[in-house]
Amino acid sequence: MPIEYYFSLALVMFLCGVCGVLFRRNILFVLMSIELMLNAVNLVFVSGSTFLKNLDGQIMVFFVITVAACEAAVGLAMVIALFRRYGTIKSEFFRILRG
Amino acid sequence: MLIWLVLLFPLVGAVWNGLLLPRHKLLSHSIAVAGVGLSFLAALPLFVSLLGEGAAGSVHLAFSWIQAGDLDIGMEFVVDRLSGVMLLIVTGIGSLIHIYAGGYMNEEKTTARFFSYLNLFIFMMLLLVLGNNMLVMFIGWEGVGLCSYLLIGYWYTHKPNAVAGMKAFVVNRIGDFGFLIGIFLTYKMFGTLSFSQLHEVLAGQESLSPALTSGLTAIGICLFIGACGKSAQLPLYVWLPDAMAGPTPVSALIHAATMVTAGIYMMTRLHFIYYLAPSALMLVAFVGGATALFAATIALVQNDIKKVLAYSTVSQLGYMVLACGVGAFDAGVFHLLTHACFKALLFLGAGSVIVALHHKQDMQEMGGLKKYLPITHAVFLVAVLAIIGFPGLSGFFSKDEILWRAFSFPGVGWVLWLMGLFAAMCTAFYMVRLLCLTFYGKNRSDEHTRHHLHETSSVMWAPLVVLAFLSIFIGYLGIPPFLAEAFHGSNLFSPFLSSVIQVPPAGEVYWSFLHEHHSEALEWSLMGASTLLALGSASFAFILYRNGPTPFLQERKEAFASVYRTLYNKYWVDELYDRIIVRPLKEMSEFLWRVVDLGIINGGLNVLGQSLMFLSGVTSFQMTGSLHRYAVVFILGLMGLVVLVIV
Amino acid sequence: MSDQLVFWGLAGFITLSSVAVVTVRNPVTAAVALVINLFLLAGVYAFQGADFVAAIQIIVYTGAIVVLFLFVIMILNLDPEHLRSPRPRIWEHLVLGVVIAGFAYIGYRFLDSLDVGKVASNRLPDNTYDVAMILFSNYLWPFEIVSILILLAIVGSVAIAKKPK
Amino acid sequence: MFAWINSSIVSIIIFLPLIVAVLALFSPSVRLSKWIALGGSLVTFIASLHIWFHFDAKSSALQFVEVYDWLPSMGIKYLVGVDGLNLLLVMLTSFLTPCVLVSLWESKVTYIKPFLSLLLVLETGMIGALVAFDLVFFYVFWEVMLIPMYFIIGIWGGSNKIYATTKFVLYTVFGSLLMLVAAIVLYLVHYEEHGFYSTSLLDLYKITQMGLSTQSYLFLAFSLAFAIKVPLWPFHTWLPHAHTEAPTSGSVILAGILLKMGTYGFLRFALPLFPDALVRYSPLLMTLGIVGIVYGALMAWMQKDAKRLVAYSSVSHLGFVVIGSVVILNGKLSEEALTGALYQMINHGISTGALFFLVGMIYERRHTRILSEFGGISAVMPWFAVCLMVATLGSVGLPGTGGFVGEFLILLGVFKFSPLAGILASTGVVLGAIYMLNLCLSILFGPLDKEENKKLTDMTFLEKTYMVPLSVLVILMGVFPNFFLDKTRASLHHLAEHVSEYRLMVSHHDSEPVHEVAGASDTKNK
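Protein chains in written order, with our numbering: chain A, 1 to 99; chain B, 1001 to 1647; chain C, 2001 to 2165; chain D, 3001 to 3526.
Hints were generated in silico from the structure; no laboratory data involved.
A portion of the hints provided could be inaccurate.
Pair ranges (Cβ atoms, derived) [unchecked claim]:
| id | chain 1 | residue 1 | chain 2 | residue 2 | range |
| --- | --- | --- | --- | --- | --- |
| 1 | B | 1566 | D | 3365 | 35 to 43 angstroms |
| 2 | B | 1646 | C | 2074 | 23 to 31 angstroms |
| 3 | B | 1646 | C | 2079 | 44 to 52 angstroms |
| 4 | D | 3028 | B | 1620 | 30 to 38 angstroms |
| 5 | C | 2012 | A | 56 | 26 to 34 angstroms |
| 6 | A | 56 | C | 2163 | 41 to 49 angstroms |
| 7 | B | 1490 | D | 3447 | 55 to 63 angstroms |
| 8 | D | 3447 | B | 1620 | 40 to 48 angstroms |
| 9 | C | 2074 | B | 1633 | 30 to 38 angstroms |
Since the model is a prediction, treat every value here as computed from it, not as a measurement.
The C-beta atom is built at its ideal place from N, Cα and C for all residues, glycine as well.
Chain A on its own, in the form it takes in the complex (with noise of 0.2 angstroms):
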């Protein structure tokens, strides 16, 4: 298989992780959407291991699984303890930075 088609795969899981992101208001699918965009990310690393066969890639990709389980765990938490103070997780409702 050509290396492109990975990379394109990788591409679209990313493209639709970012729409994820900007357009859902939910925050649970915006941490869903972030997972997607990780996976791309993790996809381009296995697929360029395997190409240019050194497993650096796949030790990375390991290590970006702990870092997305850490980042899941307290995104979670954090929506938990939001919708507990505030009784919504929609993400318009949270306009702390307004200037």
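Using the hints, position chains B, C and D against chain A.
Just chains B, C and D now, with coordinates in the frame of chain A:
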């Protein structure tokens, strides 16, 4: 070595009294008297060593004071005949007044602070007199100003006293400003501030370039501004009458005998500059003459005994300045000497009167005190006769010398002489008026005061007696030559100083008239005229006032109401200064503060800050706080960047 | 040929499930789509010969992370009100278009410049042992540090999600 | 051990306060914290005395030098040392800090521990900025000074503290950022000429090939930073606010030392680095300085608040320092004026420091600083009266106090440069007497008619422990100035020579300024 002792004793006295603050009045008094008295005793041998024929002055360096760049100013002192004379005046009369002050301040709870200031004053005055360069003199110059400030405001709980002190300091500072500029000019031109070096440079010049002459004139005028401040000349005399708020010994010591003569001393010290700057001296002469006259007219109608004496001091200082102005520095110093004696006596006498009357100073409430204060009256009478120039007393010789030297000044001399003569008449008038209103006629004070009237203690009258003797006899040191010949004596004073005061070679052409011979007849007639006029004026005053303020006088007062009011209000000079200097300055400051500082500079900055805040408010509309919006912008921007890079 | 078939099959379903994750309304559906997506991705890894990664992909992602999502969804128990998303506005369509176009353009330029030609990628031989060797030698420190990170994340999430007293 | 102390004494006085600051912050009790802070600052003072006594006054070279490479590839070094220019200021800093700490001994300030440690951090910043001979380190310390002051005013200040402290910081940062840009340009200019990177001042002093326009821009950028710190008119408006709001100890440090950083910066950076630009802009600086002298004095006269009055008097006094630093005679800096400027910095530090202490004392007792609330205090607080009088006279520049020596030398130099400028500047002496004596008059003299004032207590023993040395110093510095000036002479001479030498080397770029200056002094009559 003695010179260090002379300086040390008063300083030790000041520090002892100032830091340890002995509670006991007698102790602090003794410390102070010892401080200045020992200094006087140390000064005596110093002076005696100068008496020998051709004894030269000596310079003593204590330590290098300021050294920066090419500038090297030493803490150096000069002992020569001029500073020797001043030394004796300061410590001698100072001692007498210190003794007297113990009696005068007897009602105070503690006097340590007072005597500390007084000793400090003596120390500063000695620095002024002994300093061998302008800067050391300037320490003393401002130092005596400080002591004067502190002593005028000694009774500080009465606000006007403190205000008077401050006025004295500030007006003096204006004069000092001129002095300072003079110092700078001197240094710029000669690269040195030392009197002996300056003298060497200037005495070595055969002739002067026009640039040098104009420079010297500028220096002379600037330094004279300083002298105007310290010696209370027009237009900076205004502080001296107010300075009478201080205790009377202070008025006697500082504001009559010593400090106020600093200007005359300084000009005499720098005679070699003034001799080479005749136009500056011309200004000096006219300012002196005008001051003598101006102050004397004001003194004619004042009712406060110390105020009269204050204006009299201003007027007498005018004489001395006039003497300097016509190149008769020795005559100026001679008058300084005699004036120190009789004016100190007058002030101390007035002080005795004031103490006896429980601090009343208005002459309208006095009168007839001759009966109660016989000794005071006697010495006061001597002093009055001395100051009005009664033949044979000290003032007669010194004043006559000045008038004669003024008259013999070529060109405008007769104008100056007329000014002096008129001032002398006024002096005779107001002094006799003062004498009459105080001591003769009926007593006008209230019953209670009269009941307690008695002669002052011996600690107060003893110094007065000494001063009275001095006032009578000290004049014989400087008998005019023609009189001396007539009486087979000789003038001791001028030749004594002539080793110090000499016309530099470059100025000899201009000042050649100093050695001109005048006919004795002219001198006799002038002396006779001035003496007669003064005595006439004095008898006129005696006739008018011997019974105190009478209805007749009241009528005259009303007849000349406008003149009287002008004089009584001192020509409204204070008000004038307030109107044209103080108030505009204050208003300008107010304007600068409110409008420029708060309004323009600070306001401008605030406007800048506020407009930035406003701008940020305007531009923050896109800061909706919506995370998505931010993410969208972020992604679009990122994509834009990437596209930009890869295109 | 079979390779082609497997790849295209996986790729097609991955694409579909990715789109599903971001478009469906119900979070449970999305989570299920995500599970499918990650599972298929594990297939791709295995297909490339990265067996170890494929395994942890399934274990950690599908087994742990997405399950965590499902738990949270259940805990929140969102009512339908929360699930309704507003009608997309015009600018959103515009941005969507721009983003897709931008990605397409950037991807095109990137792949175009890659210039690796038609080299077929070989499946790697069995490499789990090698991965382990590298991980515990070269990457030992990062590995340990990441373990601390995980610990922190656990403590942090517990602290955040704890019911306030 | 002793050798180590000797070779790293400068680093010790820089960082000791910092270490002590941390200890004081985390000490278990307030009492202990105070002891630690005071002890640390006293040790610092003793260490600086060690420098004073082992300083070779004959040499203009940098002494007690410490050099360590920090970023060799960029030429950044840790380079510190002492010479005649900064020695006195270091002494002043290490002397005033213990005074301030003693003054806080019995104060009821809240959060005393952070306050003490901020003061010590401030000391580190100030000493560091004084002894740093590397632009980067100088800049770092320069900013380090700012932060503690920001908090000191912002947390422990008066009612309008936030406005004051923000203004102070914004102003200063604005200036120092421009200085940073200029420093980077200077760094590159040096690289172009000498071919290696260096931020060491000793290397930067050797730049000779810098065009007049470059010099001018850099000079103006540096000068602006320093002028704001001084503060030179018209950049002074932060000062009255900062002083009015700052707590007493903050004011003392601010007026006593921080302001001198600006004038020190002129001497250390702006003058020797850009000699041609200095010649070009010295009339400008002198004009601003003179305006500041008169303007500050008039402002001070108008103030009803004692602290504000003293603050404005600083504007006036530091105007003297600025004009003293920029007197050019025959293309050469005037040594008299330079000496005066340096000396005046120290005098001002001591007398104004003392004045702020004194104002703080009556504020603590009466909770007001409005002049009309006082009067006749002299009767109930004699010690206070004496100290206030001495500080006032020092500030007024009475001969016999240090202020006179400084002002005299400055005015002498300025007068030689331009008589008109000298005369205008001298008016500040008269005006100074007016507003300072007005202060004394309102507080000390007059009737003691307010009930609250009758109950005032005189200075406590603790207050005397720092006020008496300060007062004595005011007089000592006036009577024996050579004791202090001896240490500075060689360095100032070197500075003056340096400026003239480097001017000659670059004067082929533009020889006009040389003529200009020669023309200014041909009014000599002899």
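Structure-based check of all given hints:
1. 1566/B x 3365/D: 35 to 43 angstroms: Taking Cβ atoms as reference, residue 1566/B and residue 3365/D lie about 49 angstroms apart, which means the hint is violated.
2. 1646/B x 2074/C: 23 to 31 angstroms: Given range 23 to 31 angstroms: violated, Cβ gap about 45 angstroms.
3. 1646/B x 2079/C: 44 to 52 angstroms: holds, 47 angstroms
4. 3028/D x 1620/B: 30 to 38 angstroms: violated, 46 angstroms
5. 2012/C x 56/A: 26 to 34 angstroms: For residue 2012/C and residue 56/A the Cβ distance comes to about 30 angstroms; the hint holds.
6. 56/A x 2163/C: 41 to 49 angstroms: Given range 41 to 49 angstroms: holds, Cβ gap about 43 angstroms.
7. 1490/B x 3447/D: 55 to 63 angstroms: holds, 58 angstroms
8. 3447/D x 1620/B: 40 to 48 angstroms: This hint is violated: roughly 58 angstroms between Cβ atoms.
9. 2074/C x 1633/B: 30 to 38 angstroms: This hint holds: roughly 35 angstroms between Cβ atoms.
Going through the hint list in order, the structure does not satisfy hints 1, 2, 4, 8.
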